[in-house]
Amino acid sequence: MKFGILVNEGPYTHQASDSAYQFTKAALEKGHEIFRVFFYNDGVNNGSRLTVPPQDDRNLQKAWTDLAQKHKLDLVVCIAAAQRRGILDEGEAKRHGKDANNIAPGFRISGLGQLVEAGIVADRLVVFGD
Amino acid sequence: MTDVNAPQVNTDVKKKFMFVNRKAPYGTIYALEALEVVLISAAFEQDVSLAFLDDGVYQLMKGQDTIGIGMKNFSPTYRALGDYDVTKLYVERESLDERGLKPEVLMEITYEDENEDFAQKPSVHFVSRSELTEIMAQQDVLLNF
Numbered sequence: 003m004k005f006g007i008l009v010n011e012g013p014y015t016h017q018a019s020d021s022a023y024q025f026t027k028a029a030l031e032k033g034h035e036i037f038r039v040f041f042y043n044d045g046v047n048n049g050s051r052l053t054v055p056p057q058d059d060r061n062l063q064k065a066w067t068d069l070a071q072k073h074k075l076d077l078v079v080c081i082a083a084a085q086r087r088g089i090l091d092e093g094e095a096k097r098h099g100k101d102a103n104n105i106a107p108g109f110r111i112s113g114l115g116q117l118v119e120a121g122i123v124a125d126r127l128v129v130f131g132d
Numbered sequence: 261m262t263d264v265n266a267p268q269v270n271t272d273v274k275k276k277f278m279f280v281n282r283k284a285p286y287g288t289i290y291a292l293e294a295l296e297v298v299l300i301s302a303a304f305e306q307d308v309s310l311a312f313l314d315d316g317v318y319q320l321m322k323g324q325d326t327i328g329i330g331m332k333n334f335s336p337t338y339r340a341l342g343d344y345d346v347t348k349l350y351v352e353r354e355s356l357d358e359r360g361l362k363p364e365v366l367m368e369i370t371y372e373d374e375n376e377d378f379a380q381k382p383s384v385h386f387v388s389r390s391e392l393t394e395i396m397a398q399q400d401v402l403l404n405f
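Residue numbers (this note's numbering), protein chains in the order written: chain A, 3 to 132; chain B, 261 to 405.
Just chain A, with the same shape it has in the complex (with noise of 0.2 angstroms):
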């Protein structure tokens, strides 16, 4: 089956990020497709290569990250709620005259049309959120 997969939670305060790792993960050793892993609302604070977990916690951006690296996998962040909360990468970071970015690796910034194309293109659009 393809997926399309939904997080709208930031890392640590909610376990909607943990979740959406684990059935994505667990998807792709069931040989499913994962067509997109979307972040939206605070979700996007997922794709900030500036987190420092403690050391004997998980580190959910570096499983994302390694995740994404291993499959391929498409890691969008939303835009406009990214420009909100200060996840920025090297052009956009530009364009709004900021001194620095923060995206990490194997995440990308684009619009919420690649939310609504998940939800045409997959077969189940999964939502992990509040």
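Note that these hints are calculated values from the structure, not bench results.
Warning: the hint list may mix true and false statements.
Claimed, not checked - List of simulated lysine to any residue pairs, SDA-like, C-alpha gap at most 20 angstroms:
| # | chain 1 | residue 1 | chain 2 | residue 2 |
| --- | --- | --- | --- | --- |
| 1 | A | K4 | B | D272 |
| 2 | A | K96 | A | Q85 |
| 3 | B | K276 | A | F5 |
| 4 | B | K274 | A | Q85 |
| 5 | A | K4 | B | K276 |
| 6 | B | K275 | A | R126 |
Said to hold, decoys possible - Where chain A lies over chain B, by a calculated footprint (3+ residues, C-beta under 8 angstroms):
| # | stretch |
| --- | --- |
| 7 | 273-280 |
| 8 | 285-294 |
| 9 | 299-305 |
| 10 | 396-405 |
Note that beta-carbon positions come from the ideal geometry of N, C-alpha and C, so glycine has one too.
Chain A is fixed; fit chain B onto it per the hints.
Below, chain B alone, put in the same frame as chain A:
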């Protein structure tokens, strides 16, 4: 800036998208950001509907005034949904009752029916919890906010 929201897929595929709004309009960003996805999915010419339940029914209250909290009052956007061919707004009756709200406290939201000489028709439909369950079961994509 490139138009990142421009439809890039074959929009011959038309799916039923329902946006389930469960939270009050202010206090959290969910209502506002849900509305942003609604408008984009309408641009993709999908069959879009909205459901309002739990505190989500407050999103459609008349006379919203946000000056005191310093936030933008985005409630006029709901009344413009008809212009985007979003004409199905389902409000759960039980959620209104549980909050002591009458249907009259909600905004009147209409659309112009181009098949009937642009007659003004109501977009808001009051449905029971069990009716909403059936409507949800008919959807292809459900997005909860």
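Evaluated hints:
1. A/K4 / B/D272: The hint holds at about 19 angstroms.
2. A/K96 / A/Q85: holds, 13 angstroms
3. B/K276 / A/F5: Holds - the C-alpha atoms of A/F5 and B/K276 are around 17 angstroms apart, at most 20 angstroms.
4. B/K274 / A/Q85: violated, 30 angstroms
5. A/K4 / B/K276: holds, 18 angstroms
6. B/K275 / A/R126: holds, 12 angstroms
7. 273-280: holds (count 3)
8. 285-294: holds (count 3)
9. 299-305: Check passed, 4 qualifying residues.
10. 396-405: holds (count 6)
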